[in-house]
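The listed protein sequences correspond, in order, to chains A and B. Heads up, the first sequence is in our numbering, so the first residue is 1 and it goes up one at a time. Heads up, the second sequence is in our numbering, so the first residue is 1 and it goes up one at a time.
Hints are computed from structural coordinates only; laboratory data are not their basis. Treat the hints with care, since some could be wrong.
[To be verified] Below, in silico cross-link-like pairs of lysine-lysine (BS3-like), each with a Cα-Cα straight-line distance of 27 angstroms or less: (1) A/K56 to B/K60; (2) A/K154 to A/K181; (3) B/K227 to A/K91; (4) A/K176 to A/K79; (5) A/K292 to A/K181; (6) A/K91 to A/K67; (7) A/K56 to A/K79; (8) A/K91 to A/K106; (9) A/K79 to A/K106; (10) A/K292 to A/K250; (11) A/K103 to B/K227; (12) A/K56 to B/K59; (13) B/K227 to A/K131; (14) A/K103 to A/K56; (15) A/K56 to A/K154.
[What the hints assert, rightly or not] Interface residues of chain B toward chain A, partial, derived using beta-carbon atoms under 8 angstroms: (16) E13; (17) S125; (18) T133; (19) Q143; (20) S155.
[What the hints assert, rightly or not] Here are some chain B residues the structure puts well away from chain A; computed CB gaps all over 12 angstroms: (21) M126; (22) S147; (23) G208.
Glycine is no exception: its CB is placed at the ideal position from the N, C-alpha and C atoms.
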Amino acid sequence: MGEPLYFITDLVHVYRGQAVLRIDRLDIPAGSIVGVIGPNGSGKSTFLKLVGFVEKPTAGEIAYNGKPAAPFALEVRHKVSLMPQESFLMKRTVSNNVAYGLKIRKDLDRLELRIQTALSWVGLDAAEFAKRPSYALSGGEAQRVALAARLILKPEVLLLDEPTASIDALSAQLIKDAALKARSEWGTTLIIASHDWQWLYGVCDRVVHLVRGRLMGSGRENIIFGPWEPGPNGLWGKVLADGQRILVQKPPEALSAAVIDHAAIVPAERPIPNRDHQVSLSGVITRLALEKASGDIIGSVLVANLPFTTTLAESEVRENGLYPGRRVQLLYDITSVRWF
Amino acid sequence: MDFLVQGFLRAIELLFAGDAETFSAVSATLVVSAYSLAATLAMGLPLGFCLGYFDFRLKKQVRVVVDTLLSLPTVFIGLVVYAFFTNRGPLGEWGLLFTLSGIAVGLTILALPIVIALSATAVESMDRQLRVTLISLGASRHQLFLSTLWEARLSILAAALTAYGRVMTEVGIAMMVGGNIKWQTRTITTAIALETNKGEFAMGIALGLVLLLIAFAVNVSVSTLRKRY
Chain A
1 MGEPLYFITD LVHVYRGQAV LRIDRLDIPA GSIVGVIGPN GSGKSTFLKL VGFVEKPTAG
61 EIAYNGKPAA PFALEVRHKV SLMPQESFLM KRTVSNNVAY GLKIRKDLDR LELRIQTALS
121 WVGLDAAEFA KRPSYALSGG EAQRVALAAR LILKPEVLLL DEPTASIDAL SAQLIKDAAL
181 KARSEWGTTL IIASHDWQWL YGVCDRVVHL VRGRLMGSGR ENIIFGPWEP GPNGLWGKVL
241 ADGQRILVQK PPEALSAAVI DHAAIVPAER PIPNRDHQVS LSGVITRLAL EKASGDIIGS
301 VLVANLPFTT TLAESEVREN GLYPGRRVQL LYDITSVRWF
Chain B
1 MDFLVQGFLR AIELLFAGDA ETFSAVSATL VVSAYSLAAT LAMGLPLGFC LGYFDFRLKK
61 QVRVVVDTLL SLPTVFIGLV VYAFFTNRGP LGEWGLLFTL SGIAVGLTIL ALPIVIALSA
121 TAVESMDRQL RVTLISLGAS RHQLFLSTLW EARLSILAAA LTAYGRVMTE VGIAMMVGGN
181 IKWQTRTITT AIALETNKGE FAMGIALGLV LLLIAFAVNV SVSTLRKRY
């Protein structure tokens, strides 16, 4: 991987008097694919707007290519492009929407051909779509046009905020393919916020986890929000929808968030040796994904209505038949729970 | 009713005969309304953009002031402008009293709050994602301003039309600041007022018809522009 393209230090962003994002240090290498995961309201969109230089952070510094940069700065204005979650198209034709960025750069060389190419990358036929007004597009088509408007600029950095949310499967796949093609053809750095963690783990060099505006780690951590209630034996707990109880040691505050870094999975029918501090929860494997960077298998287990993520070895999956749909026991050590 | 019919027929005759006095008033009206609209848009659009786009302290209070100025009485504007431009006034040496330029200044004061208020509302009601999109596509601050106005073009056009309608039909300012001087500062509306007082309905109706025709032509042009863009 190359030199850091972004170097973020002591970043704080305040919205309506409340700190919504706080990142002490983060670097992103050029040409990498970085995934950002986290629950709704965790600061993913804010993070993308800041590294997309659409907004200025309240405090701290975002260095781009070694130099501190801010919105409208020449060093970043024509290099970094963000596609927001709700793609917005201007009241113009598809062709004019796609060409907007080039027109304001006064880069009109072979414009029609470049529009055709950009549209073809997202699976749209220019002959059919170029003259269409933006209001005559479906949600998926609009999202693809919005991406084409960025791809035509061949950006150094492409930031995608939930690019496949609320659109049809075909559009989602075309958007994913086009983004990866930009990376492979031009070395574009991709920073993608998405709930589709299977995709992110499959394509990203690195996945970061944002919770309540703070970086938590690689995204494999399980964050369980309070409130916590006192339970038996001096432990505290949270009752799930199916009556199971997540047990923890006394939290710093009743509303603190618990972090379970690692949980083991064993088939439901297998007897578990009785160990101190070990908690067992019953759940169902819902998804498996191969993490590109490590080669690990990431499994998702649904316990009541709460999804848990855990890392599995390939042999473990094969030998124990840990496939989606299999009922399993999820085990974690109560003393390893961190608080956030 | 006869005098009205006769007035109408005489009006048609005056218009087709190219009556110099009638066309002098038409010309004066077109000149002052064009000047004032140009000045109003040049000042009002940036101010309206700022008022609608940016969040700043006292924004609500500024908005209330602008909205209040929408109902500013024209005779009051005429009085204030007259006081400033009269020989004893602070701007007396500019020599703008009883000139078309003087009327245009008064009409600009009249139309400015309309353009500011309506364009601010237009910008305020734009999708918040527009800003993110434009910056993400590489727009500079200047391009952001122009592209935002372009996206709000239909509402801006409506604001300009409303302002134009107001200045075209205004009487008080034109009468007080212009003095209703024949061949010089007599506009369509001041001429209609004068001719009606004199009982000369033909000229009044002729000028009224011209006002209607201008309004019709402007609206047809705007409608064509809206379809094209």
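Practice item. Determine which of the earlier numbered hints do not hold for this structure and return their numbers in increasing order. Key: Numbers 6, 10, 16, 17, 20, 21 and 22, in rising order.
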